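Residue numbers (the working numbering), protein chains in the order written: chain A, 1 to 138; chain B, 1 to 138; chain C, 1 to 81; chain D, 1 to 81.
Calculated directly from the structure, the hints in this document are not laboratory data. All values derive from a computational prediction rather than experimental measurement. We put the beta carbon where it would ideally sit given N, CA and C, even for glycine. Treat each hint with caution, since some may be false.
As the list claims (entries may be wrong) - EDC-like, lysine to aspartate or glutamate: derived pairs with alpha carbons at most 16 angstroms apart:
{"hint": "1", "chain 1": "D", "residue 1": "Lys4", "chain 2": "B", "residue 2": "Glu74"}
{"hint": "2", "chain 1": "A", "residue 1": "Lys17", "chain 2": "B", "residue 2": "Glu12"}
{"hint": "3", "chain 1": "B", "residue 1": "Lys58", "chain 2": "D", "residue 2": "Glu19"}
{"hint": "4", "chain 1": "A", "residue 1": "Lys99", "chain 2": "B", "residue 2": "Glu38"}
{"hint": "5", "chain 1": "A", "residue 1": "Lys19", "chain 2": "B", "residue 2": "Glu6"}
{"hint": "6", "chain 1": "B", "residue 1": "Lys117", "chain 2": "D", "residue 2": "Glu71"}
{"hint": "7", "chain 1": "A", "residue 1": "Lys19", "chain 2": "B", "residue 2": "Glu132"}
{"hint": "8", "chain 1": "D", "residue 1": "Lys10", "chain 2": "B", "residue 2": "Glu50"}
{"hint": "9", "chain 1": "A", "residue 1": "Lys58", "chain 2": "C", "residue 2": "Glu71"}
{"hint": "10", "chain 1": "C", "residue 1": "Lys2", "chain 2": "A", "residue 2": "Glu54"}
{"hint": "11", "chain 1": "D", "residue 1": "Lys4", "chain 2": "B", "residue 2": "Glu54"}
{"hint": "12", "chain 1": "D", "residue 1": "Lys10", "chain 2": "B", "residue 2": "Glu132"}
{"hint": "13", "chain 1": "A", "residue 1": "Lys62", "chain 2": "C", "residue 2": "Glu58"}
{"hint": "14", "chain 1": "B", "residue 1": "Lys20", "chain 2": "A", "residue 2": "Glu54"}
{"hint": "15", "chain 1": "B", "residue 1": "Lys62", "chain 2": "D", "residue 2": "Glu58"}
{"hint": "16", "chain 1": "B", "residue 1": "Lys84", "chain 2": "B", "residue 2": "Glu12"}
Unchecked claim - Each pair of labels, with its calculated beta carbon distance range:
{"hint": "17", "chain 1": "D", "residue 1": "Lys43", "chain 2": "A", "residue 2": "Lys62", "range": "52 to 60 angstroms"}
{"hint": "18", "chain 1": "A", "residue 1": "Leu69", "chain 2": "B", "residue 2": "Lys43", "range": "28 to 36 angstroms"}
{"hint": "19", "chain 1": "C", "residue 1": "Asn62", "chain 2": "A", "residue 2": "Gly83", "range": "43 to 51 angstroms"}
{"hint": "20", "chain 1": "C", "residue 1": "Leu15", "chain 2": "B", "residue 2": "Asn65", "range": "50 to 58 angstroms"}
{"hint": "21", "chain 1": "B", "residue 1": "Asn88", "chain 2": "A", "residue 2": "Leu69", "range": "22 to 30 angstroms"}
{"hint": "22", "chain 1": "D", "residue 1": "Lys43", "chain 2": "A", "residue 2": "Lys20", "range": "44 to 52 angstroms"}
{"hint": "23", "chain 1": "D", "residue 1": "Phe53", "chain 2": "A", "residue 2": "Lys84", "range": "51 to 59 angstroms"}
{"hint": "24", "chain 1": "C", "residue 1": "Asn21", "chain 2": "A", "residue 2": "Gly83", "range": "30 to 38 angstroms"}
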Amino acid sequence: MIKIQEEDFNSEYEINKIKKLHSNVGAVSSFIGYVRDENNNKKVRSINLEVYQEMAHKQFEKIINKANLKWKLEDSLIIHRYGKLKVNSKIVLVACFSKRRLDSFESCNFIMDYLKKDAPFWKNEFYGEENEWLSNFS
Amino acid sequence: MIKIQEEDFNSEYEINKIKKLHSNVGAVSSFIGYVRDENNNKKVRSINLEVYQEMAHKQFEKIINKANLKWKLEDSLIIHRYGKLKVNSKIVLVACFSKRRLDSFESCNFIMDYLKKDAPFWKNEFYGEENEWLSNFS
Amino acid sequence: MKIKYFAWIKDITNLEEEEINLNQAKNLDELKTYIIEKYPDLKKYMIKEILRFAINQEYAVNNINLTDEDEIAIFPPVSGG
Amino acid sequence: MKIKYFAWIKDITNLEEEEINLNQAKNLDELKTYIIEKYPDLKKYMIKEILRFAINQEYAVNNINLTDEDEIAIFPPVSGG
Chain A
1 MIKIQEEDFN
11 SEYEINKIKK
21 LHSNVGAVSS
31 FIGYVRDENN
41 NKKVRSINLE
51 VYQEMAHKQF
61 EKIINKANLK
71 WKLEDSLIIH
81 RYGKLKVNSK
91 IVLVACFSKR
101 RLDSFESCNF
111 IMDYLKKDAP
121 FWKNEFYGEE
131 NEWLSNFS
Chain B
1 MIKIQEEDFN
11 SEYEINKIKK
21 LHSNVGAVSS
31 FIGYVRDENN
41 NKKVRSINLE
51 VYQEMAHKQF
61 EKIINKANLK
71 WKLEDSLIIH
81 RYGKLKVNSK
91 IVLVACFSKR
101 RLDSFESCNF
111 IMDYLKKDAP
121 FWKNEFYGEE
131 NEWLSNFS
Chain C
1 MKIKYFAWIK
11 DITNLEEEEI
21 NLNQAKNLDE
31 LKTYIIEKYP
41 DLKKYMIKEI
51 LRFAINQEYA
61 VNNINLTDED
71 EIAIFPPVSG
81 G
Chain D
1 MKIKYFAWIK
11 DITNLEEEEI
21 NLNQAKNLDE
31 LKTYIIEKYP
41 DLKKYMIKEI
51 LRFAINQEYA
61 VNNINLTDED
71 EIAIFPPVSG
81 G
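Same shape as in the complex, but just chain A (with noise of 0.2 angstroms):
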């Protein structure tokens, strides 16, 4: 299941709507990302995250594809939001579903490594008055 919304959620009722379908999952692993209070030492007032949905639905799939072929999982989640978004808020949701532990938890490290690098996501950050676009090349 991939979700790219503005709004909230609920890491609960997400992943037990999941978790009912499956019986056989004894492991679910999560990573929850959240809007930080500071970043490269500036205060973190909120941020603006820009995304190309059609795009970031392309990457997420593929990105499950390519878990599915490494390890045993039930079902996977990833929920991702856009917009404004005040320090605390969460930003990324990720749950692997597996039989066993291993595989949800390998799977959900790869997912989040790939959704770094991969997805089209832009961090514009707010600081008082100021803003600057987060980037991976200065």
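Go by the hints and put chains B, C and D onto chain A.
Using the frame of chain A, we list chains B, C and D on its own:
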């Protein structure tokens, strides 16, 4: 935070309660373990999870202390249930709170490893009429 | 074909998307030349290989022929998650 | 001192806990001897090193002297999580 309880828990609520205390936390990795409908090719109906409470508390504290020596964690949470648990019930939640992903991710896995090895819980699985204590020695 | 710009690239192009036709660029390399002529401020980022290209929502690294139906996106390194 | 039994060990001892005194076992090795005499069905598990011991909620592997205030737990390999 360590909780050993019979009741179910809401992971969103429990994680939020701790996350609220730490605006510098950008990463929460978590693991939820569930009662599966099958084990060793037998259809499981429920389990009875016995605990040695005082020792479980001490062992969880030790494991968390060890994790804090190895990774930069802002906080951590273990909730472990005991008693009669039906298929699909949550058994355990481990969540690790850190600035960046790697610390939360590796420490969560580390805590689960030690929990499975050292925490004094014993599963009695019920299949129809029969039941069987799980053991790692057969 | 449609060209889309994201993040701070938009601040340089001053638009989010535009249409160009095959006479202006029939493959990705020609498109790169076309946009740095049109937006000279993009040139230094192109040279430093900071710009990313996607054709129909897939990353494109090598040169490739374009068609009128293609959607090309130009953006900086991503920072999601 | 208090001896506690868990999981299927309880099915062999038929009790969850009992008090014994230092005359019966002044260290862990003597306690091991004592309980397999009292509960012969435990002997094979003791020999196979399947039994785990905790003294005051800490795992105990080596022999160690006991006191009257100690709480000793005897249980099979754990299976939580």
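Against the structure, the hints come out as follows:
| no. | hint | result |
| --- | --- | --- |
| 1 | Lys4/D with Glu74/B | violated, 36 angstroms |
| 2 | Lys17/A with Glu12/B | holds, 14 angstroms |
| 3 | Lys58/B with Glu19/D | violated, 23 angstroms |
| 4 | Lys99/A with Glu38/B | holds, 10 angstroms |
| 5 | Lys19/A with Glu6/B | violated, 21 angstroms |
| 6 | Lys117/B with Glu71/D | violated, 21 angstroms |
| 7 | Lys19/A with Glu132/B | violated, 26 angstroms |
| 8 | Lys10/D with Glu50/B | holds, 12 angstroms |
| 9 | Lys58/A with Glu71/C | holds, 14 angstroms |
| 10 | Lys2/C with Glu54/A | holds, 14 angstroms |
| 11 | Lys4/D with Glu54/B | holds, 12 angstroms |
| 12 | Lys10/D with Glu132/B | holds, 14 angstroms |
| 13 | Lys62/A with Glu58/C | holds, 10 angstroms |
| 14 | Lys20/B with Glu54/A | violated, 33 angstroms |
| 15 | Lys62/B with Glu58/D | holds, 10 angstroms |
| 16 | Lys84/B with Glu12/B | violated, 23 angstroms |
| 17 | Lys43/D with Lys62/A: 52 to 60 angstroms | holds, 59 angstroms |
| 18 | Leu69/A with Lys43/B: 28 to 36 angstroms | holds, 30 angstroms |
| 19 | Asn62/C with Gly83/A: 43 to 51 angstroms | violated, 34 angstroms |
| 20 | Leu15/C with Asn65/B: 50 to 58 angstroms | holds, 56 angstroms |
| 21 | Asn88/B with Leu69/A: 22 to 30 angstroms | holds, 28 angstroms |
| 22 | Lys43/D with Lys20/A: 44 to 52 angstroms | holds, 47 angstroms |
| 23 | Phe53/D with Lys84/A: 51 to 59 angstroms | holds, 58 angstroms |
| 24 | Asn21/C with Gly83/A: 30 to 38 angstroms | holds, 33 angstroms |
The structure fails to meet hints 1, 3, 5, 6, 7, 14, 16, 19 from the earlier list, while all remaining hints are met.
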